[in-house]
Amino acid sequence: MFTVLLIVHGLLAVALLGAITHQTVSVWSPARKPAGSFIGRFRSVPATSYANAIVVLYLATALLGAIVYTEYRVVVRVVLEQLDMWKTNGVFELKEHFAALGLGVLPAYWYYWRTPLLGEHARTRAVLTSILAFVVWWNFLVGHVLNNVRGFGS
Amino acid sequence: MSTPRSFPVFAVVFAVAWSVAYVICVEKNYALFTYHPALYEWGLGVQKAKDGPAMYWFGWMATSGLFAGAVALAACWLPESLTRRLWSGWSWAVPVAVMLLFCYLLRGYFLR
Chain A
1 MFTVLLIVHG LLAVALLGAI THQTVSVWSP ARKPAGSFIG RFRSVPATSY
51 ANAIVVLYLA TALLGAIVYT EYRVVVRVVL EQLDMWKTNG VFELKEHFAA
101 LGLGVLPAYW YYWRTPLLGE HARTRAVLTS ILAFVVWWNF LVGHVLNNVR
151 GFGS
Chain B
1 MSTPRSFPVF AVVFAVAWSV AYVICVEKNY ALFTYHPALY EWGLGVQKAK
51 DGPAMYWFGW MATSGLFAGA VALAACWLPE SLTRRLWSGW SWAVPVAVML
101 LFCYLLRGYF LR
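Listed in order, the protein sequences are those of chains A and B.
Take the first sequence: its letter number 70 is residue 70 in our numbering, and every next letter is one higher.
Take the second sequence: its letter number 67 is residue 67 in our numbering, and every next letter is one higher.
Treat the hints with caution; some may be incorrect.
[Unchecked claim] With a straight-line cut-off of 30 Å between C-alpha atoms, the simulated BS3-like cross-links for lysine-lysine are:
| id | chain 1 | residue 1 | chain 2 | residue 2 |
| --- | --- | --- | --- | --- |
| 1 | B | Lys28 | B | Lys48 |
| 2 | A | Lys95 | B | Lys28 |
| 3 | A | Lys95 | B | Lys48 |
| 4 | B | Lys28 | B | Lys50 |
| 5 | A | Lys87 | B | Lys50 |
| 6 | B | Lys48 | A | Lys87 |
I should point out that these hints are in silico values taken from the structure, not numbers from a laboratory.
Everything numeric in this text was worked out from a predicted model, so none of it was measured.
Okay, chain A solo, but in the shape it has when bound:
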């Protein structure tokens, strides 16, 4: 069962990664004219429409991650400690704390992306989006690396 949950957790994380990356790029470098190139189209998405989906995806990914974490704590972490893989354990510790801190900023993130967008909150909106983007990227990469370290299904 944990294997299925891990795969769904990974798939949700991919969707979240795509959404938050689109939004972050579009908020820091919005397209000023109709986009022709791939990069131009990437940053010309309607960023506002991503906010609700990002909140839902973040909550769902975190919930599944929390369930999978219980298995990780028994099956993976103990082995990493026995192998003295301290850096690997350290990046995972950061992953769990960053994920928790991301949960705390979700209400503010959601509020500052509500329409109509107020110009006076543009910086807050951009930085909150960037924080979530950093957390999602960090957690995705660390989760991926840790999965590779231990070996899928081992």
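We have chain A; now place chain B onto it with these hints.
Below, chain B without anything else, positioned relative to chain A:
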């Protein structure tokens, strides 16, 4: 969907209180409950590891959530003349500071 006028106050104060409470809960181990993953058992408060490791992460978040929720709700009752001056940037400045603090607190993992 309309939100209460005080929601921005709630959101900003919640982000700040959650971040501060979470790092304190982690450092002082103020977990509302403990999970024993090897036994599939939950226990109230901080419990020592039984047959296998003990997980406090869920308990830290629960404690932080209760604290932050209470503080943020209390802030909503403050007069508008006070809350109007609340800088929205606190909602990111404090979490970023706490993230950096965690990097410092966990440096031992990377310096061995």
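Hey, Lys87 (chain A) versus Lys50 (chain B), does the alpha-carbon distance stay inside 30 Å? 26 Å, holds
Given hint Lys28 (chain B) paired with Lys95 (chain A) - CA-CA distance at most 30 Å: Judged against 30 Å, a Cα distance of about 19 Å means the pair holds.
Taking 30 Å as the top limit, are the C-alpha atoms of Lys95 (chain A) and Lys48 (chain B) close enough? Holds, at roughly 24 Å.
Are the Cα atoms of Lys28 (chain B) and Lys50 (chain B) separated by 30 Å or less? 20 Å, holds
Hinted pair, alpha-carbon criterion (30 Å max): Lys28 (chain B), Lys48 (chain B). Please report holds or violated. 14 Å, holds
When you check the alpha-carbon spacing of Lys48 (chain B) and Lys87 (chain A), does it fall within 30 Å? Given pair Lys48 (chain B), Lys87 (chain A) holds - Cα atoms ~25 Å apart, limit 30 Å.
Of the numbered hints stated above, none is contradicted by the structure.
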